[in-house]
Amino acid sequence: QSALTQPASVSGSPGQSITISCTGTSSDIGGYNLVSWYQQYPGKAPKLIIHKVIERPSGVADRFSGSQSGNTASLTIAGLQAEDEAAYYCCSYGGGWTYVFGTGTDVTVL
Amino acid sequence: EVLLVESGGGLVQPGGSLRLSCAASGFSFSSYWMSWVRQAPGGGLEWVADINQDGRGKAYVDSVKGRFTISRDNAKNSLYLQLNSLRADDTAVYYCARPPEYCSGGGCIDAFDIWGQGTMITVSS
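Note that the protein sequences, when read in sequence, are chains P and L. Here the numbering used here is used: the first residue of the first sequence is 15, the next is one more, and so on. Here the numbering used here is used: the first residue of the second sequence is 8, the next is one more, and so on.
Keep in mind that the hints were calculated from the coordinates and are not lab data. Here a beta-carbon is modelled for each residue, glycine too, at the ideal position from N, C-alpha and C. A portion of the hints provided could be inaccurate.
Unchecked claim - Interface residues of chain P toward chain L, partial, derived using beta-carbon atoms under 10 Å:
1) GLY26
2) PRO28
3) SER40
4) LEU48
5) ILE68
6) PHE78
What the hints assert, rightly or not - Taking lysine to aspartate or glutamate and the EDC-like style, the derived pairs with C-alpha atoms no more than 20 Å apart in a straight line are:
7) P:LYS58 - L:GLU53
8) L:LYS83 - L:ASP96
9) P:LYS58 - L:GLU8
10) P:LYS61 - P:ASP76
11) P:LYS58 - P:GLU99
12) P:LYS61 - L:ASP61
13) L:LYS83 - L:GLU8
14) L:LYS83 - L:ASP61
15) L:LYS65 - L:ASP80
16) P:LYS66 - L:GLU53
17) L:LYS72 - L:ASP96
18) P:LYS61 - P:ASP120
19) P:LYS58 - P:GLU97
20) L:LYS83 - L:GLU53
21) P:LYS61 - L:ASP120
22) P:LYS61 - P:ASP98
23) P:LYS66 - L:GLU108
24) P:LYS58 - L:ASP120
25) P:LYS61 - L:GLU8
26) P:LYS66 - P:GLU97
27) P:LYS66 - L:ASP61
28) P:LYS61 - L:ASP96
29) P:LYS66 - P:ASP76
30) P:LYS58 - P:ASP98
31) P:LYS58 - P:ASP120
32) P:LYS66 - P:GLU99
Stated by the list, open to error - Computed spacing ranges between beta-carbons, pair by pair:
33) P:GLU69 - L:THR76: 40 to 46 Å
34) P:ASP120 - L:LEU18: 24 to 30 Å
35) L:ARG94 - P:PRO28: 40 to 46 Å
36) L:GLN89 - P:ILE68: 19 to 25 Å
37) L:GLY49 - P:GLN95: 21 to 27 Å
38) L:GLY62 - P:GLN15: 21 to 27 Å
39) L:ALA95 - P:ALA17: 15 to 21 Å
Given only the sequences and the hints, what does the whole structure look like? Please build it.
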């Protein structure tokens with residue numbers, strides 16, 4: 015149940031695309047197609063933005079997209095906007111009804 | 008409106024106990040697995056525990072096994088977390104969370120879609 019590995023910070027200019035990686039193992043990310051991503055503003059509860067690797071809940075901007083290759087999942091934010099400045103967390107099913115979150119990535123819009 | 012409201016947080020001494028509650032409304036509570044997720048001050052999210060619809064299926068993160076107990080009362084639309092033998096590293100905001108709507112009635116969590124506002128627990132002498 016070790017936390018998934020994410021870069022501590024990623025930055026980009028408005029309009030650019032950025033990608034956040036999330037690295038796990040064959041016991042979590044690589045073993046299931048159950049990666050989710052969350053956006054969190056300071057002092058607020060997290061918000062689900064991607065589930066089942068690539069699915070976007072209703073109401074989430076299509077600028078957000080997810081992917082997975084082996085033990086690594088990725089979140090791409092296209093056309094970066096000022097409102098995208100937040101913390102982002104990945105999460106994966108780990109088997110046995112357990113879940114593991116990533117270490118979190120702070121996104122800065124320059 | 009789908010709503011989760013946590014309560015029961017506060018300041019507790021190391022070794023102490025606390026019981027958190029999560030009141031659900033606006034959906035069929037008894038149809039969903041439910042979970043607790045915590046976040047230490049300035050830290051990341053950590054899944055803590057989850058429980059199935061009838062309360063007999065439970066899972067915990069290793070660090071709380073034997074100390075925390077998740078339970079539910081479907082008649083009261085409520086989720087609980089009993090925290091015993093508390094340690095300083097249990098200090099966190101505790102959130103209850105519900106999976107996506109498509110998980111209703113099934114053996115499914117997949118993700119954490121609906122979140123409460125969180126309740127803060129501080130373990131300190």
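Here is how each hint holds up against the structure:
{"no.": "1", "hint": "GLY26", "result": "21 Å, violated"}
{"no.": "2", "hint": "PRO28", "result": "26 Å, violated"}
{"no.": "3", "hint": "SER40", "result": "19 Å, violated"}
{"no.": "4", "hint": "LEU48", "result": "6 Å, holds"}
{"no.": "5", "hint": "ILE68", "result": "12 Å, violated"}
{"no.": "6", "hint": "PHE78", "result": "14 Å, violated"}
{"no.": "7", "hint": "P:LYS58 - L:GLU53", "result": "15 Å, holds"}
{"no.": "8", "hint": "L:LYS83 - L:ASP96", "result": "31 Å, violated"}
{"no.": "9", "hint": "P:LYS58 - L:GLU8", "result": "18 Å, holds"}
{"no.": "10", "hint": "P:LYS61 - P:ASP76", "result": "15 Å, holds"}
{"no.": "11", "hint": "P:LYS58 - P:GLU99", "result": "13 Å, holds"}
{"no.": "12", "hint": "P:LYS61 - L:ASP61", "result": "27 Å, violated"}
{"no.": "13", "hint": "L:LYS83 - L:GLU8", "result": "17 Å, holds"}
{"no.": "14", "hint": "L:LYS83 - L:ASP61", "result": "13 Å, holds"}
{"no.": "15", "hint": "L:LYS65 - L:ASP80", "result": "14 Å, holds"}
{"no.": "16", "hint": "P:LYS66 - L:GLU53", "result": "19 Å, holds"}
{"no.": "17", "hint": "L:LYS72 - L:ASP96", "result": "14 Å, holds"}
{"no.": "18", "hint": "P:LYS61 - P:ASP120", "result": "15 Å, holds"}
{"no.": "19", "hint": "P:LYS58 - P:GLU97", "result": "14 Å, holds"}
{"no.": "20", "hint": "L:LYS83 - L:GLU53", "result": "27 Å, violated"}
{"no.": "21", "hint": "P:LYS61 - L:ASP120", "result": "7 Å, holds"}
{"no.": "22", "hint": "P:LYS61 - P:ASP98", "result": "12 Å, holds"}
{"no.": "23", "hint": "P:LYS66 - L:GLU108", "result": "14 Å, holds"}
{"no.": "24", "hint": "P:LYS58 - L:ASP120", "result": "14 Å, holds"}
{"no.": "25", "hint": "P:LYS61 - L:GLU8", "result": "16 Å, holds"}
{"no.": "26", "hint": "P:LYS66 - P:GLU97", "result": "24 Å, violated"}
{"no.": "27", "hint": "P:LYS66 - L:ASP61", "result": "25 Å, violated"}
{"no.": "28", "hint": "P:LYS61 - L:ASP96", "result": "25 Å, violated"}
{"no.": "29", "hint": "P:LYS66 - P:ASP76", "result": "15 Å, holds"}
{"no.": "30", "hint": "P:LYS58 - P:ASP98", "result": "14 Å, holds"}
{"no.": "31", "hint": "P:LYS58 - P:ASP120", "result": "14 Å, holds"}
{"no.": "32", "hint": "P:LYS66 - P:GLU99", "result": "23 Å, violated"}
{"no.": "33", "hint": "P:GLU69 - L:THR76: 40 to 46 Å", "result": "33 Å, violated"}
{"no.": "34", "hint": "P:ASP120 - L:LEU18: 24 to 30 Å", "result": "29 Å, holds"}
{"no.": "35", "hint": "L:ARG94 - P:PRO28: 40 to 46 Å", "result": "44 Å, holds"}
{"no.": "36", "hint": "L:GLN89 - P:ILE68: 19 to 25 Å", "result": "37 Å, violated"}
{"no.": "37", "hint": "L:GLY49 - P:GLN95: 21 to 27 Å", "result": "25 Å, holds"}
{"no.": "38", "hint": "L:GLY62 - P:GLN15: 21 to 27 Å", "result": "23 Å, holds"}
{"no.": "39", "hint": "L:ALA95 - P:ALA17: 15 to 21 Å", "result": "19 Å, holds"}
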